[in-house]
Amino acid sequence: MADKKSLLRRVAARAVGHSLAFVARFITAVRADWRGIEPVAKQRVYFANHVSNADMPMIWTVLPGYMRRQTRPVAAEDYWLQNKLRAFVGPEVFNCVLVDRRPEARTEDPMEKILEALDEGSSLIIFPEGNRNMTDDPLLPFRAGLYNMGKARPHVDLVPTWIANLNEIMPKGEVVPLPLICTVTFGSPIHVEEAETKDAFLKRAADSLIALSSPERSRD
Amino acid sequence: MASQTTVDILLLSFGVFGILIALTLLGEFLRARLPIGQSNPVVEAFVVRVHSWWGLTIVLSLAVLSGQVGVILLFAFVSFAALREFLTFTNKRQADHLSLVLAFFAILPLQYIFVAFDWTALFTVLIPVYAFLLLPIVSALRGDTNQFLVRVAETQWGLMICVYCISHVPALLTYDMPDGSDRSILLIVFFAMVVQLGDLFEYYAGRTFGRRKIAPSLSPKTIAGVMGGVFAAAVVGAVLSWITPFGVLGAAAMAALASITGMFGSIVFAAIKRDKGVKDWSHLIPGQGGFLDQLDSVIFAAPVFYHVTHLVWG
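Just so you know, the protein sequences line up as chains A and B, in that order. Heads up: take any position in the first sequence, counting from 1, add 1137, and you land on my numbering. Heads up: take any position in the second sequence, counting from 1, add 4, and you land on my numbering.
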């Protein structure tokens, strides 16, 4: 089905992607802090804190083009297929791996789709809290997905990715984003250790993410 | 007349380019003097700074050459970038979201519209009176009293510094030159050059001599260094007096006034940064930190320079 329309759609998707990245940069001057990894096109799972719908576009924006092309955000099918515009932006602009969040209604296992994407060589962006964090705690308890991925594909680097300030830039229920400076910090990769339990691993993963929330400042 | 102004702008730009070429060569010379395979962090920082100055000079030259609209848009963007850096580090809660959005997307553009149309009565009161009264009302109506006074005070301070003060630079455009010419745009060039060159002299030359620090706990500025910087600014001002209506002595005095206000301004900013625990406001200007790190002295000097120009030569 590589007809003319699909080429056109692909070009349109790239144009929309560049425009979104430009808007994100204009509003937040978003910057990557490569604290624990190098910006190279290696297969990774970026797991990030989730406070706003703008989280995923922020990570996507700071990834250089050669990394962005091989990175697919894992996102909720019910959100991205809600209308035609989202169905274009989610799957085509961001190249999302869409998973069904409703266990009772789904026909496919989300983990199968995720592992399939990993086996194709893609990097992934996931939000292991599952939902947007509306509490004053830095993180909600992690779901098991991150552990299952790390267990099933132990060679893939799991990279903690902290997004700072977005809860102030775009609090839930607000429409206009506030222009503040946003930083995306990438930490050192972690892996599921042999014989490590699910809970121990998830706690270690959450700690590695929270550790990135305090900036490396010489004095305070 | 217009073409004479353009010629003068180009002359000044090329003059600054000449200085920058000399500084670039100096940087490369310092690099070359080191043994192969070694680098000196001070030299590298200097080279990065010179590259940023190239960018700033080219942007300011293009804006000034494109005339009034270009200058106003440039400084409106600078205000936006500065306010973004400042408010990133202030106290705020979700209850302030609307008032902060208004600060960025209503107050800031309005201020520059008033400056562009020379509505002095409005642009001098919009932020100190109307934003001052309106934004706390908007925040209060959302009902969150946690640190309320700190939140609204810091927001107001950000607006005063990043929008009100910075807008006094393009406001120089509306100064009516005594000879009725359109050369008021050159006052901006004069102002920017004396403040920045005074700072530069203080930074690289002043700190090596002079030992008594002005504010030892927060700034490496020495009394002798600041005096030297202000003197250097006055000399630059006297040399550039031909683009101003001030006369040689007046231009030197105005340059010294702008420079010393600016230096104390940057001490105030050092105190704020120390209080907030930040080293640089952002990373947008390579080697210099953020817009606020680069502009702290300009911000303090601008309203004073604007008012004295109007009071003495108005």
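Read the hints as simulated data drawn from the structure, not as lab findings. A couple of the hints might just be wrong.
To be clear about the criterion: a stretch of chain A counts as covered by chain B if any three or more of its residues have a C-beta under 8 Å from a C-beta of chain B, and this derived list gives those stretches [said to hold, decoys possible]:
(1) 1297–1309
(2) 1316–1328
Some residues of chain B that are not near chain A, with every Cβ distance over 12 Å (derived) [stated by the list, open to error]:
(3) I13
(4) L15
(5) R37
(6) L102
(7) L106
(8) Q160
(9) D183
(10) G294
Once the Cα atoms are required to be at most 25 Å apart in a straight line, the calculated SDA-like pairs of lysine to any residue come out as [unchecked claim]:
(11) B:K283 <-> A:S1351
(12) A:K1179 <-> B:M181
(13) A:K1309 <-> B:K283
(14) A:K1288 <-> A:S1345
(15) A:K1309 <-> B:L138
(16) A:K1309 <-> B:Q151
(17) B:K283 <-> A:A1169
(18) B:K277 <-> A:K1309
(19) B:K277 <-> A:K1288
The C-beta atom is built at its ideal place from N, Cα and C for all residues, glycine as well.
Each hint tested on the structure:
Judged by the Cβ-Cβ criterion of 8 Å, the region 1297–1309 of chain A is covered by chain B as claimed, because 3 of its residues qualify and three suffice. With a threshold of 8 Å between beta carbons, the proposed coverage of the region 1316–1328 of chain A by chain B holds, since 3 of its residues qualify and at least three are required. With a closest Cβ-Cβ approach of about 29 Å to chain A, I13 (chain B) is found to remain outside the 12 Å limit, as its non-interface label requires. The Cβ of L15 (chain B) lies farther than 12 Å from every Cβ of chain A, with a closest approach of about 34 Å, so its non-interface assignment holds.
A cut-off of 12 Å between C-beta atoms confirms that R37 (chain B) is not in contact with chain A; the least separation is 30 Å. For L102 (chain B), the shortest C-beta to C-beta distance to chain A comes to about 8 Å, within the 12 Å cut-off, and the non-interface label is violated. The Cβ of L106 (chain B) sits about 10 Å from the closest Cβ of chain A, inside the 12 Å cut-off, so the non-interface label is violated. Non-interface call for Q160 (chain B) relative to chain A: holds, since the shortest CB-CB distance, roughly 16 Å, exceeds 12 Å.
Separation of D183 (chain B) from chain A is adequate, the least Cβ-Cβ distance of about 41 Å exceeding the 12 Å criterion. With a least CB separation of 8 Å from chain A, G294 (chain B) falls inside the 12 Å interface cut-off, contrary to its annotation. Restraint check: the Cα-Cα separation between K283 (chain B) and S1351 (chain A) comes to about 14 Å, which is no more than 25 Å; the hinted pair holds. Restraint check: the Cα-Cα separation between K1179 (chain A) and M181 (chain B) comes to about 62 Å, which exceeds 25 Å; the hinted pair is violated.
Among the hinted pairs, K1309 (chain A) with K283 (chain B) is inconsistent with the structure: their alpha-carbon atoms are about 30 Å apart, more than 25 Å. With a CA separation close to 18 Å, the supplied pair K1288 (chain A) and S1345 (chain A) stays within the 25 Å bound. Of the pairs offered as hints, the one joining K1309 (chain A) and L138 (chain B) holds, with about 24 Å between alpha carbons and a cut-off of 25 Å not exceeded. Of the pairs offered as hints, the one joining K1309 (chain A) and Q151 (chain B) holds, with about 21 Å between alpha carbons and a cut-off of 25 Å not exceeded.
For the hint linking K283 (chain B) to A1169 (chain A), the alpha-carbon distance of about 18 Å falls within 25 Å, and the restraint holds. Of the pairs offered as hints, the one joining K277 (chain B) and K1309 (chain A) is violated, with about 30 Å between alpha carbons and a cut-off of 25 Å exceeded. For the proposed pair K277 (chain B) and K1288 (chain A), the alpha carbon gap of about 45 Å is over 25 Å, so the pair is violated.
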